[in-house]
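S.K.: Chains as they are written, first to last, in my numbering: chain A, 20 to 141; chain B, 4 to 115; chain C, 72 to 790.
Just so you know, the hints here were simulated from the structure itself, not pulled from any lab data. Note that CB positions come from ideal geometry on N, CA and C, so glycine has one too. Do not rely on the hints blindly, as some may be mistaken.
Unchecked claim - The calculated label-pair distances, taken between Cβ atoms and stated as ranges, are:
| id | chain 1 | residue 1 | chain 2 | residue 2 | range |
| --- | --- | --- | --- | --- | --- |
| 1 | A | GLY43 | C | ILE104 | 34 to 42 Å |
| 2 | A | MET90 | C | ARG388 | 35 to 43 Å |
| 3 | B | GLY23 | C | ASP392 | 45 to 53 Å |
| 4 | A | ALA59 | C | LYS162 | 29 to 37 Å |
| 5 | C | ALA319 | A | MET90 | 41 to 49 Å |
| 6 | A | ARG111 | C | ILE150 | 41 to 49 Å |
| 7 | A | LYS64 | C | PHE430 | 50 to 58 Å |
| 8 | A | ALA59 | B | ASN15 | 47 to 55 Å |
| 9 | A | ARG111 | C | GLU479 | 21 to 29 Å |
| 10 | C | ILE150 | A | ASN74 | 43 to 51 Å |
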Amino acid sequence: MSKNILIVDDSASVRQVVSMTLKGAGYNVIEAIDGRDGIAKLDGKKIHLIISDVNMPNMDGISMVKEVKQMANYKFTPIIMLTTEGAEEKKRQGQAAGAKAWIVKPFEPAKMLQAVSMLVLP
Amino acid sequence: MASIKVTQKRNNSTEISFAGGLTIYSVMEAYQQHFETFTFKQLVVFKLDKIEEIDTAGIQLITSIIKSLLEQGSQYQVSSTSEPVKEFSELFDLKFLMNYEVQSSLGVEYVS
Amino acid sequence: MSLDAALETFYVEAQEHLELMDNNLLQMDDGNINNDILNDIFRSAHTIKGSAGIFGLTHIVDFTHVVENVLDRARDEKIVIEKPLIDLLFKCRDHMVTIVALSIDEYKQQVEVQKKGQLLIEQLLPWADEQASLEPINENKVEGKSSTETDGFWHISLRLSEDCLKNGMDPMSFIRFLSTLGVIHRIVCLTDKVPKLVKLDPEQLYFAYEIALESASNKEEIENTFMFVQDDSHIVILPPNASGKDFADLIEQLPEDNKYLIQVLKECGTYKSLDEKHTEVEDNATLTEISTKPINLAEKPTSNNPIKQTAPSKQIRIDSDRLDHLINLIGELVINQQRVDLLAGKTRNTTLIEAVDDFESFTEQIRDAALNLRMIPIGGTFQRFKRIVRDTAQELGKNIGLTIIGSETELDRLMVEKIADPLTHIVRNAMDHGIESVEERIASGKSPKGELILKAYHESGHIVIAISDDGKGINKEGVRLKAIEKGIIFQHTELSDHELFHLIFHPGFSTAAQVTNLSGRGVGMDVVKRNVEALQGSIEILSEAGKGSEFRISLPLTLAIIDGFHVECSGTHFIIPQATIIECLDLASHVEIDERNCINLRGDMIPYLTMSDVFNLQPQNRGSDNALISQASMAKQPKEELVIVQFGGNLAGIAVERLHGEVQTVIKPLGPIFKPLKGIGGSSLLGNGDIAFILDIPQLIELAIDQDKRMKHINKTQE
């Protein structure tokens with residue numbers, strides 16, 4: 020059974036790259052456009068990994084992480100944050116909120132795939 | 004979620020069977036409902052063949068149960084395991100879960 | 072989300088990297104060989120290979136892998152970069168351009184391409200590793216001496232933070248991942264810390280691990296596996312050639328009992344005791360402890376991502392279809408705005424007219440801003456010529472240098488793509504026929520190195536691209552004879568230099584003694600001219616025997632919207648591009664000279680054309696709601712207006728009946744029926760719904776000058 024990965028990012032091209040890369044490697048990918056949408060998409064499914072951007076409208080990444088950590092069925096799901104270079108404060112906040120993994124944008128698809136593979140194999 | 008059945012049998016053995024997913028999501032509930040305070044019979048038999056999903060938290064719980072029963076002087080036996088449990092055991096070389104005989108220790112013969 | 076869209080991203084990025092590689096190779100070819108350039112080239116190849124791998128494009132991966140291997144050795148200084156290798160790398164890069172454009176299936180069908188790849192790989196082998204095996208190369212070299220030993224096992228000791236499980240970082244995942252880097256020979260899972268039930272926190276991590284890993288990866292790759300769990304962890308990685316001392320240190324650091332640990336490590340099969348022989352590697356270089364400093368996973372944009380030539384945040388990618396759509400909409404907006412303008416004028420409502428004026432001003436700004444989006448510097452195209460000139464010079468055995476001037480000059484995006492081929496042909500032509508061989512140049516007292524100049528600049532609403540060389544110039548007599556031979560002109564036909572040179576553009580024309588591979592087959596120059604004209608442009612030739620030649624292409628700055636001047640002649644509406652207008656005169660008040668259509672403008676003889684003559688217009692007596700217009704058109708001698716226009720240093724006059732004033736118009740290209748018509752560059756829709764023809768000023772000026780010369784000639788012969 021394929022593992023489910025949720026990608027939360029307001030940029031369509033980022034979602035696209037992540038989606039194609041991971042699907043190509045055998046994962047199942049669910050997309051959300053912002054934090055609120057991300058929470059909605061969790062929807063009782065088994066999610067093995069969440070990849071989330073930080074800056075998004077409606078609900079930003081860090082707020083979403085905090086909320087996910089309150090959800091009984093998802094609080095132990097590994098989360099990778101997508102940050103921009105030099106956004107140390109955001110990274111720190113993300114880690115404090117419980118997102119311990121991060122990838123700096125712009126990222127190479129191969130690297131992203133590697134990071135994902137370290138946390139969940141397809 | 005895990006479904007756990009503890010049967011205290013008349014032949015002085017306790018049978019613990021796990022079914023479903025024994026993972027970080029279910030260990031706390033399992034622990035609180037069944038294992039926080041526990042009394043073991045002389046032999047504890049683990050039936051693990053209905054475990055559909057297992058992770059480190061799940062294995063740790065089983066390990067802790069085994070340690071506790073050993074301290075009380077009981078013995079244990081893993082009578083059956085499912086594929087996920089076999090895989091995990093092999094990955095980490097957890098001999099005590101791959102041995103279907105009655106055991107009196109965790110199999111770590113080191114000086115402690 | 073389609074696979075096509077993601078593949079598109081791959082292709083665009085691959086192309087950018089290939090272009091970067093080309094530029095870097097050119098630098099090295101010029102003699103700038105340094106580590107930064109080598110690293111850049113390596114990284115480009117590495118990135119292409121990696122991305123291709125994601126999409127399963129094995130034909131690209133396999134070839135690029137060998138190239139990457141050679142480049143890796145080069146930056147490690149294991150091999151020396153010399154001219155033969157640079158030449159070979161150029162060819163490899165070109166081959167990569169070919170195969171990147173092919174899908175796997177297409178590649179499988181193209182035997183020639185495969186053969187070429189094979190040949191190149193064989194040629195690369197002397198510089199590559201003995202087995203350029205498919206082991207992953209780590210692009211970030213670790214500082215200091217890393218061990219080259221790959222026999223034996225790595226020892227990995229993991230004491231991870233107790234919160235790992237709560238953070239979703241189950242060691243199970245990491246260990247599984249580790250096994251993709253090699254083979255886990257042995258793993259000991261220490262259960263010591265697991266408490267009895269009464270003290271258990273089920274969500275905490277208690278297990279510890281000692282692992283023996285057989286892997287050809289290097290330290291950094293293995294370290295990276297644990298990059299997300301470094302906080303509050305104690306992770307030690309010992310390479311296969313670690314010494315007894317390293318293990319002793321490790322045992323010291325670990326919390327468990329020493330004797331116990333020794334047994335565990337022995338169980339792993341990696342343990343070395345202190346009394347074992349030390350290996351050659353220094354003691355202090357091998358024990359690595361990972362601190363809690365996180366490793367950055369992705370490339371740092373500033374140093375490792377050379378794609379962005381400008382600051383990364385300052386550019387965005389736009390889908391070109393969307394941009395075109397926007398420009399179309401703005402075009403329609405412009406037309407509509409004109410209509411509103413006209414209607415407002417009729418109401419004579421000053422407030423409304425003022426408001427519409429403001430509206431016009433903003434529309435103009437939006438228009439200009441949008442058109443600006445389509446403009447890109449020609450430098451990108453010019454850059455490619457460095458390579459072309461280099462390769463062509465080599466092929467011809469000539470010594471030719473290229474100077475580029477004005478690469479920041481901007482032109483419409485669409486034109487950039489379409490002008491490349493014509494330019495290439497002209498450049499090749501100049502190199503082949505224009506610039507002489509080294510011996511010939513020395514013999515005629517020139518420097519042995521020929522000079523080719525590519526220059527671009529703006530003039531009167533156009534962009535001018537000039538290709539000049541200091542070669543032997545166009546052989547006028549040779550051209551003449553060839554044209555006679557081909558039946559293009561008669562023996563006695565008299566031609567100006569200008570007309571003579573333009574014979575080169577005639578289809579089927581070629582003066583090359585031998586048809587070379589590059590140019591001269593006679594299918595070149597006429598196609599060049601046609602391509603330029605298809606872009607509403609024109610081409611001019613200047614040449615001087617013995618000194619050199621210059622080909623000048625002028626293209627309108629945009630094919631979309633222009634500022635024009637609306638004029639009318641015999642009921643037909645025309646638009647003159649404002650950028651070309653010098654002034655407007657009343658024709659009647661100027662004296663004609665010698666029955667030529669010429670006026671004396673402050674001492675200069677300016678030829679002019681009457682539009683009704685040029686286009687054979689019949690005087691119209693259309694019903695018009697303006698009584699004045701009907702009256703004017705009934706008059707015997709319509710009052711004539713003269714618009715003086717200029718282009719390329721030449722002046723001419725356009726004689727029309729009425730001037731209507733400034734308009735902004737959207738240029739619609741002409742249908743095929745109008746193609747043979749000289750002097751018209753497009754059509755446009757006026758605010759009142761009429762169609763107006765946009766005049767092609769360079770063509771008309773040419774026409775005016777030629778006509779005038781002919782008149783002068785006729786007058787002369789008549790005398």
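S.K.: Next step is simple, just say for each hint if it's right about the structure.
M.R.: Verification of the supplied hints:
no. : hint                               : verdict
1   : A:GLY43 with C:ILE104: 34 to 42 Å  : holds, 38 Å
2   : A:MET90 with C:ARG388: 35 to 43 Å  : holds, 36 Å
3   : B:GLY23 with C:ASP392: 45 to 53 Å  : holds, 52 Å
4   : A:ALA59 with C:LYS162: 29 to 37 Å  : violated, 54 Å
5   : C:ALA319 with A:MET90: 41 to 49 Å  : holds, 47 Å
6   : A:ARG111 with C:ILE150: 41 to 49 Å : holds, 44 Å
7   : A:LYS64 with C:PHE430: 50 to 58 Å  : holds, 53 Å
8   : A:ALA59 with B:ASN15: 47 to 55 Å   : holds, 53 Å
9   : A:ARG111 with C:GLU479: 21 to 29 Å : violated, 42 Å
10  : C:ILE150 with A:ASN74: 43 to 51 Å  : holds, 46 Å
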